[in-house]
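Colleague: The primary structure of each chain is shown beneath.
Number of protein chains: 4
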Amino acid sequence: MTLTADFDIYVDLPSTMKGSHLSRNLEVVSEIVEESVREPVSSLEDLCSDITRRLLKRHEYASYSEVRTRADYFLERKTPLGNRTTERYCLMAAAQGRRDSDVSMTKSVGVEVVGMTACPCAMETIKHNRAQEGKVSSTDIPVITHNQRNRTSLLVEVPEGHEVEANDLIDLVEESMSAPTYEILKRGDEAQVVERAHLAPRFVEDVVREILSRLLKKYSDFPDRAQVRVRSDSEESIHKHNAVAERITTFGELRK
Amino acid sequence: MTLTADFDIYVDLPSTMKGSHLSRNLEVVSEIVEESVREPVSSLEDLCSDITRRLLKRHEYASYSEVRTRADYFLERKTPLGNRTTERYCLMAAAQGRRDSDVSMTKSVGVEVVGMTACPCAMETIKHNRAQEGKVSSTDIPVITHNQRNRTSLLVEVPEGHEVEANDLIDLVEESMSAPTYEILKRGDEAQVVERAHLAPRFVEDVVREILSRLLKKYSDFPDRAQVRVRSDSEESIHKHNAVAERITTFGELRK
Amino acid sequence: MTLTADFDIYVDLPSTMKGSHLSRNLEVVSEIVEESVREPVSSLEDLCSDITRRLLKRHEYASYSEVRTRADYFLERKTPLGNRTTERYCLMAAAQGRRDSDVSMTKSVGVEVVGMTACPCAMETIKHNRAQEGKVSSTDIPVITHNQRNRTSLLVEVPEGHEVEANDLIDLVEESMSAPTYEILKRGDEAQVVERAHLAPRFVEDVVREILSRLLKKYSDFPDRAQVRVRSDSEESIHKHNAVAERITTFGELRK
Amino acid sequence: MTLTADFDIYVDLPSTMKGSHLSRNLEVVSEIVEESVREPVSSLEDLCSDITRRLLKRHEYASYSEVRTRADYFLERKTPLGNRTTERYCLMAAAQGRRDSDVSMTKSVGVEVVGMTACPCAMETIKHNRAQEGKVSSTDIPVITHNQRNRTSLLVEVPEGHEVEANDLIDLVEESMSAPTYEILKRGDEAQVVERAHLAPRFVEDVVREILSRLLKKYSDFPDRAQVRVRSDSEESIHKHNAVAERITTFGELRK
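Protein chains in written order, with my numbering: chain A, 1 to 256; chain B, 1 to 256; chain C, 1 to 256; chain D, 1 to 256.
What the hints contain is simulated information worked out from the structure, not anything from laboratory work.
Nothing here was measured: the structure is a model prediction, and the numbers come from that model.
Be aware that one or more of the hints could be misleading.
It does not matter which identical chain is meant; a pair holds if it fits inside one copy or across any two.
[What the hints assert, rightly or not] Computed list of lysine-lysine pairs in BS3-like fashion (alpha-carbon distance at most 27 angstroms, straight line):
no., residue 1, residue 2
1, LYS240, LYS135
2, LYS18, LYS240
3, LYS127, LYS18
4, LYS217, LYS256
5, LYS217, LYS186
6, LYS57, LYS217
7, LYS186, LYS218
8, LYS256, LYS186
9, LYS217, LYS135
10, LYS127, LYS78
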């Protein structure tokens with residue numbers, strides 16, 4: 001798959017130097033792009049860590065380097081009724097390199113996923129109101145609530161000797177929302193997606209907690225110091241502002 | 001009320017001139033801002049038409065000038081249960097001046113409003129599905145559907161001798177959506193907004209039609225040539241793309 | 001080359017219908033994306049016109065359809081001293097289809113290019129000031145002025161039976177600025193780019209005129225009714241606002 | 001002065017609670033907006049710290065709260081030749097409150113300023129090239145280089161018992177660039193701004209260093225733990241990418 005990626009590239013500068021040789025940053029990226037024509041890169045996070053390493057070699061005065069990237073990404077999905085559709089996601093990756101006697105490297109991989117959240121609070125109030133008004137519907141039919149587009153991002157540190165597949169992260173985030181969304185939905189599918197969202201109403205706080213709990217299960221052998229960042233943004237349909245939940249933590253903290 | 005406004009300012013350039021005296025544009029705006037400290041401007045569209053007129057005076061070589069502006073705007077509103085809340089809107093205005101023997105001027109005023117739409121199609125399908133499954137709920141309880149944040153803009157030409165209040169346009173747009181939205185909603189209010197939206201499910205096409213129909217009624221004495229532009233964008237909760245409806249027309253066309 | 005493209009897709013709606021079958025739009029795009037895996041598309045504008053045609057077939061109630069697209073695009077370039085660099089551009093294309101007894105189609109192709117403009121006015125004033133102060137430098141050395149990032153877009157209608165290469169449009173726009181810009185510039189190259197820009201100082205008005213004049217020469221056999229839109233934006237380094245020139249015209253108008 | 005401000009508002013959530021009472025956040029902001037009608041707020045950072053304190057009172061389950069704000073801001077300036085012009089800036093402020101036995105509060109104030117940088121490196125190369133070609137100009141005339149729009153932000157912690165005026169920060173940042181920019185410049189003024197920028201060529205690294213050095217001098221009595229964040233972005237006129245320098249540090253670090 002060919003991806004169009006944006007890069008942010010940093011090197012530090014010792015107090016003894018006036019400016020950084022910025023053209024070297026672009027040369028490193030250019031080299032790697034050219035090499036990738038001959039041999040595709042294995043992952044975005046390895047690409048970032050490769051650039052970081054070369055930056056520290058090329059900027060011999062620097063002791064720290066950081067690279068971050070984002071790229072649009074597409075996956076073929078099946079709708080609830082089994083129709084094919086192509087969905088857009090965003091891949092993210094980052095690497096930080098620190099030079100002491102040797103170079104120590106941290107790398108991370110992440111995704112941004114757009115899905116749907118349905119509000120549990122409004123649903124609860126409306127269910128309660130209807131009960132009071134004697135308009136009881138059968139208990140297995142979810143009542144109305146507000147629902148909206150949700151944008152959630154997850155960035156996970158990939159410890160030495162471990163691997164994280166971006167596709168797994170996309171699945172994990174999508175399953176943590178009220179429902180995934182699809183570009184093509186005929187009527188039957190549309191109804192299914194709406195029903196599914198109303199059967200799993202979630203606050204942004206719920207989405208973040210759900211993701212962290214699934215992450216801990218799936219990557220149970222990750223060391224305590226491995227870092228995680230999750231952020232979930234609901235573009236509230238009943239407000240003009242967004243509701244946001246965010247947690248920046250470590251696997252160690254999550255295990256407590 | 002003090003507004004922070006952005007301006008786009010244009011003058012045409014005859015083929016005999018190399019460049020425009022751009023600093024004159026900024027001088028005109030600056031003059032008007034200074035005068036407005038002493039005497040507040042009556043309306044954004046009059047401000048635009050004043051700037052346009054002065055531009056044509058100052059750029060003696062120009063035969064056309066155009067000014068467009070946007071500003072954040074706030075109104076105090078009451079929620080369904082009567083609680084006070086302050087809501088954010090966007091005001092827009094524009095003026096075009098053409099110099100022949102005399103200067104002819106067109107001015108417009110507009111608003112951008114964020115509200116809520118609930119989908120009539122999913123609601124219909126789900127109602128039908130439930131009937132088929134024998135899960136009939138009482139007919140006066142709306143069934144679930146997807147709903148979302150909707151952003152609708154309306155720009156209306158203000159013909160000579162007529163007036164249009166931006167607040168009226170805001171009301172008109174807000175009433176044409178499934179429901180207005182509010183920054184502060186306690187539980188009871190939240191339930192009311194959700195119920196209201198589900199009792200008036202609307203496509204973006206419906207929002208545009210509703211606005212045009214109300215506009216024609218309210219400004220029934222506007223001449224046929226007066227122009228209107230409406231655009232409604234729903235940030236679909238079940239898709240990653242938006243649904244948009246737009247119509248650019250005249251009062252004459254609408255009367256047909 | 002694989003491009004990631006964004007699409008805006010429109011069909012009109014007769015007054016007798018409540019809503020449009022939006023999922024059909026996405027199905028058409030999806031079909032074409034799938035077919036393009038087997039057989040790459042020849043051009044973005046043909047892709048747009050193909051989508052437009054199928055939309056009119058699929059939405060049998062519609063009499064008008066429009067498709068617009070944008071995609072990031074990359075070209076290998078040589079710097080003034082002959083070093084290789086990869087530069088980012090934006091491709092644009094559009095198609096409009098109208099159904100009467102038959103379907104009539106208009107298609108356009110365009111580009112957005114980032115380059116550099118140096119201001120002729122400040123240069124003139126400073127040259128004049130220095131002459132007055134007796135600080136005359138040799139006449140072949142350009143004096144200082146302000147220069148800045150410029151973003152220029154060009155969209156040209158492609159009449160039936162004609163062809164326009166996006167790469168030609170990119171060259172044409174780049175040559176109409178004060179200088180092209182490059183992602184990798186070692187010192188010698190950097191000096192060359194700066195010198196070049198100061199030898200061709202240009203207002204945004206100049207950039208637009210230069211493009212239109214070159215366009216008329218290159219596509220001299222285009223019919224009078226073929227449309228052109230050029231817009232040049234300089235992110236002025238001495239102001240906080242931008243300077244913009246825009247012209248929307250036809251080959252016929254340009255020939256006058 | 002009336003400012004239109006955007007707020008980001010956060011409270012933490014104990015693991016024992018499902019969701020946060022989000023409407024309380026908006027109620028607090030609303031209260032304060034209403035009170036400010038009667039009694040204007042003294043500073044944006046005090047406003048943030050007031051909101052933060054009330055949030056902790058209202059969300060009795062929370063132990064941490066954070067508020068960030070941004071607002072457009074305008075100052076009257078004099079151009080080099082003494083003409084009046086109104087310039088746009090951005091004010092920023094933030095507060096973090098932590099509840100233990102008592103509430104501890106940190107507050108910060110900041111600005112974002114748009115100005116101009118001229119590149120010292122291209123200037124040096126071109127000067128050297130001209131000397132080699134025998135085209136020596138008198139040494140007091142600066143040679144050409146590329147220059148561009150620069151956007152620099154500075155955020156400073158305001159320690160208990162100290163005060164920081166946003167206007168002082170704006171002056172400090174503006175003086176650290178190659179030249180300030182102005183909305184209205186007649187020819188004589190335009191030439192002055194260009195000359196000034198070429199007499200003080202600066203990399204983004206220089207801008208950041210200059211700001212930190214002036215800051216340390218001006219607020220010499222600030223405690224070591226007070227934090228500072230500076231970021232300078234030049235929208236390079238010879239590249240399509242930006243050059244960025246950033247430093248996040250403390251007064252203690254700066255004193256080393």
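Colleague: I'd like to know which numbered hints this structure contradicts. Please list them from smallest to largest.
Modeller: Hints 1, 5, 6, 7, 8 and 9 are the ones this structure does not satisfy, whereas the remaining hints hold.
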